[in-house]
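Chains as they are written, first to last, in the working numbering: chain Y, 13 to 137; chain X, 83 to 638.
Simulated from the structure, these hints should not be mistaken for lab results. A few of these clues could be false.
Calculated lysine-lysine pairs in the DSBU-like style (CA-CA distance at most 35 Å, straight line) [said to hold, decoys possible]:
{"id": "1", "chain 1": "Y", "residue 1": "K73", "chain 2": "Y", "residue 2": "K51"}
{"id": "2", "chain 1": "X", "residue 1": "K573", "chain 2": "X", "residue 2": "K260"}
{"id": "3", "chain 1": "X", "residue 1": "K484", "chain 2": "X", "residue 2": "K550"}
{"id": "4", "chain 1": "X", "residue 1": "K260", "chain 2": "Y", "residue 2": "K73"}
{"id": "5", "chain 1": "X", "residue 1": "K130", "chain 2": "X", "residue 2": "K550"}
{"id": "6", "chain 1": "Y", "residue 1": "K73", "chain 2": "X", "residue 2": "K130"}
So, partial list: chain Y residues that the calculated Cβ filter (under 7 Å) puts toward chain X [what the hints assert, rightly or not]:
{"id": "7", "residue": "F108"}
{"id": "8", "residue": "Y109"}
{"id": "9", "residue": "I123"}
{"id": "10", "residue": "Y127"}
{"id": "11", "residue": "S130"}
Beta carbons: idealized from backbone N, C-alpha and C, even for Gly.
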Amino acid sequence: MEIADYLPLILLSVMAFSTVAVIIVLATFFGPKNPTKEKLIPYESGSDPVGEVRGVRFSVKFYMVAISFILFDLETIFVIPWAMSWRQSASLGFGFYSFAVMAIFLAILTIGLVYEWSQGGLEWD
Amino acid sequence: MLNMQLSQMNNLAMLTPPSAIELNALIPGAIVTLVAILFILIDVFHRKGTPRDYLAYFSVVGLGVAAASTYFLWDDVLARPVFFGMLYFDRFALFFAALASVAGGLAILCSPAFLRSHRMDRGEYYLLVLLSVVGMIFMVAAADLLTLFVAFEVMSIPIYVLAGFLRDDGRSAEAAMKYFVLGAFSATIMLYGIALIYGATGTTNLEFIGHNLAYLQVAEGVHAGYWMALVGVVLILSGFAFKIAAVPFHIWAPDVYTGSPTPIVGFMASAVKAIAFAAMLRVMVVAFSFESLRGGFFGYGWIDVLFVLAGASMVLGNLVAITQNNVKRMLAYSSVAHAGYILVGFVAANSHPSFFLHNDAILFYLVAYTFGVIGAFGVLAYFGRRGEAVETYEDLGNLGFKYPVMGLVMGICMFSAAGIPPTAGFLAKLYIFSSAVDASIQTGEFAFIGLVILGVLTSVAGVYYYLKVLVYMYMKPALREFRPLDHIGPKVAVVACAVLTLYLGIFPGRALELSREAIVDFVGAPAAVQSVIDQANPIVPDFAVEPAVVAAEPVL
Chain Y
13 MEIADYLPLI
23 LLSVMAFSTV
33 AVIIVLATFF
43 GPKNPTKEKL
53 IPYESGSDPV
63 GEVRGVRFSV
73 KFYMVAISFI
83 LFDLETIFVI
93 PWAMSWRQSA
103 SLGFGFYSFA
113 VMAIFLAILT
123 IGLVYEWSQG
133 GLEWD
Chain X
83 MLNMQLSQMN
93 NLAMLTPPSA
103 IELNALIPGA
113 IVTLVAILFI
123 LIDVFHRKGT
133 PRDYLAYFSV
143 VGLGVAAAST
153 YFLWDDVLAR
163 PVFFGMLYFD
173 RFALFFAALA
183 SVAGGLAILC
193 SPAFLRSHRM
203 DRGEYYLLVL
213 LSVVGMIFMV
223 AAADLLTLFV
233 AFEVMSIPIY
243 VLAGFLRDDG
253 RSAEAAMKYF
263 VLGAFSATIM
273 LYGIALIYGA
283 TGTTNLEFIG
293 HNLAYLQVAE
303 GVHAGYWMAL
313 VGVVLILSGF
323 AFKIAAVPFH
333 IWAPDVYTGS
343 PTPIVGFMAS
353 AVKAIAFAAM
363 LRVMVVAFSF
373 ESLRGGFFGY
383 GWIDVLFVLA
393 GASMVLGNLV
403 AITQNNVKRM
413 LAYSSVAHAG
423 YILVGFVAAN
433 SHPSFFLHND
443 AILFYLVAYT
453 FGVIGAFGVL
463 AYFGRRGEAV
473 ETYEDLGNLG
483 FKYPVMGLVM
493 GICMFSAAGI
503 PPTAGFLAKL
513 YIFSSAVDAS
523 IQTGEFAFIG
533 LVILGVLTSV
543 AGVYYYLKVL
553 VYMYMKPALR
563 EFRPLDHIGP
573 KVAVVACAVL
583 TLYLGIFPGR
593 ALELSREAIV
603 DFVGAPAAVQ
613 SVIDQANPIV
623 PDFAVEPAVV
633 AAEPVL
């Protein structure tokens, strides 16, 4: 390893740091500023940054929704590449095989959905 | 070049089906998966308020079918990786698939009455055990670090949930939290190791890693990637060491074993440990047996690391177990000690390729240990009624005479754990230690004999606390009354464990033969190990002459 081998890395770091620095400096000088109390707290998503943690209780339903979301999100991640390459597979003569594999995957997910539904995971109240 | 072939293989894998004979590799795992899916569907229509015993029996039957399927697949194994280098389908994998299924089935049998008494009779419990077994089956079969890691997580996550299954119980929640945080941490460390190995060798396939490591040592010195690979090996080892509860990574074991539902502790202590050992054996032999990774204090490379872990586990596990008053905590430390004994065999058998066949002692030990430990925890689960569970030695007073069968079973399991004939534990220890002595004599390395001496001395210390259980069960008065959970499940399970422990101790022939067959049919080993295997197995079996199936030619 020569120092020269690191040159692209150094260049990249310089570029990254300078871009960020320039943006921050420009925003400090030219950006409009009309701060309100809500705008000045660290998190703008509505949660209180300072205070008692134990008093704040979240409903477990949020987690249920988040997990269901991840599940179907992942399903999309698997289905889209499959849909993109299915034609290629079909041209090799394995169209039905590729279809069946995805059908099995979706069937298993559907059983999971049935389970979630029956356990009341989809009801909000 | 190799990587190019590999990536072409992976491209084809997305588009073409594997050949029909390769699908056999999925059968044990697929049976358990199918049982789990059917289980969900049945559980959805379960009438509320009625016992779920039939679901437990259904899972046990499913796991039994999976274990039986390995018997029918025993001669259909393939001498090459299947699914485009993702899984191995060899007797080694089938052996541990059967062991995991049997351990899962026995643990489930101990559970129904235990769960009902804790007001937690939920179907998810059995479902999680089934899913964990699926992960175990694929973990041993993994031929790629990614398959290994996914299976590792499929195995671990249900166990984290099961550890906290008694959610009204503070200790169970504590156990789950500790196990989850430390387990997730160790899995991350392992994943980091996998990433470093991938960075150093450019592949996650075990055989290609072994092959590519050779290129990291160039003529004028060592390639920078070599050190990266070394760090990766150590990180992967620590991930495994956590699961087997070897000493610096054992901190979680006592608290988790005390808090978790008792039948699950039996499963955790036996199957998880056995599978982690099996996967460690596969990864270390296939990917990291390259000579230049050897070196270090005794000159055996990562074997030195395991050498230290083995010694520390035996000493600390046994000595701390003596001071325990809680039986489950004592068994937790004893499981640390057993990890140490098994590591002695592991160190000896893998210190040089020519000792590879000594690994069958590890397989036999794991089988013997599995039945012994599930039997012991099964007895504790039998006396595990909510609010009046047997926990300390004093609680065991006079139980041996009041419940003769349970006393006998506990006695056999404790004798087996202590390594006293005629139980399986004695023979298992004998084989482990004699393989280490063999290795020591042939290499002239005193260190292995030193480890054996340490092992024998510490197991003498172990006899004290194992027999203490029996002293209390038979020679001390009862201080409290215990109502056992009168259910057929745990009775059948613990009696089966005791009978098998005795059977393996008196007629070990068949089990030893099976473990020898499993270790001789170990696919993916590097050339040095493979030649040792071939010498032991001179008759070319049918499956080896079958022509390799070539992926279909692309039609343009």
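(request) Given the hint that K130 of chain X pairs with K550 of chain X, test it: the Cα-Cα distance must not exceed 35 Å. (result) 44 Å, violated
(message) Given the hinted pair K73 of chain Y and K130 of chain X, is their Cα-Cα distance within 35 Å?
(response) Holds. K73 of chain Y to K130 of chain X sits at ~22 Å (cutoff 35 Å).
(message) Next pair to validate is K260 of chain X with K73 of chain Y; report whether the Cα-Cα distance is within 35 Å.
(response) With a Cα-Cα distance of about 24 Å, the restraint between K260 of chain X and K73 of chain Y holds, given a limit of 35 Å.
(request) For the hint on I123 of chain Y, just tell me whether its beta-carbon gets within less than 7 Å of chain X. (result) Holds, because the Cβ-Cβ distance from I123 of chain Y to chain X comes to roughly 6 Å (cut-off 7 Å).
(request) Take a quick look at whether K73 of chain Y and K51 of chain Y sit within 35 Å of each other, Cα to Cα. (result) Measuring from Cα to Cα gives roughly 28 Å; hence the hint holds.
(request) Identify whether the interface hint at Y127 of chain Y stands, where standing means a beta carbon of chain X within less than 7 Å of its own. (result) Constraint on Y127 of chain Y satisfied, holds at 5 Å.
(request) Would you settle whether the hint for F108 of chain Y is holds or violated, based on the nearest Cβ-Cβ distance to chain X being less than 7 Å? (result) 10 Å, violated
(message) Does K550 of chain X sit within 35 Å of K484 of chain X, going by the straight-line distance between their CA atoms?
(response) Holds. K484 of chain X to K550 of chain X sits at ~18 Å (cutoff 35 Å).
(request) Using 7 Å as the Cβ threshold, decide whether S130 of chain Y counts as touching chain X. (result) OK, holds: S130 of chain Y within 7 Å of chain X, min 4 Å.
(message) Next pair to validate is K573 of chain X with K260 of chain X; report whether the Cα-Cα distance is within 35 Å.
(response) 31 Å, holds
(request) With a cut-off of 7 Å on the beta carbons, see whether Y109 of chain Y makes it to chain X. (result) 4 Å, holds
When the structure is compared with the earlier hints, violations turn up for hints 5, 7 and for no others.
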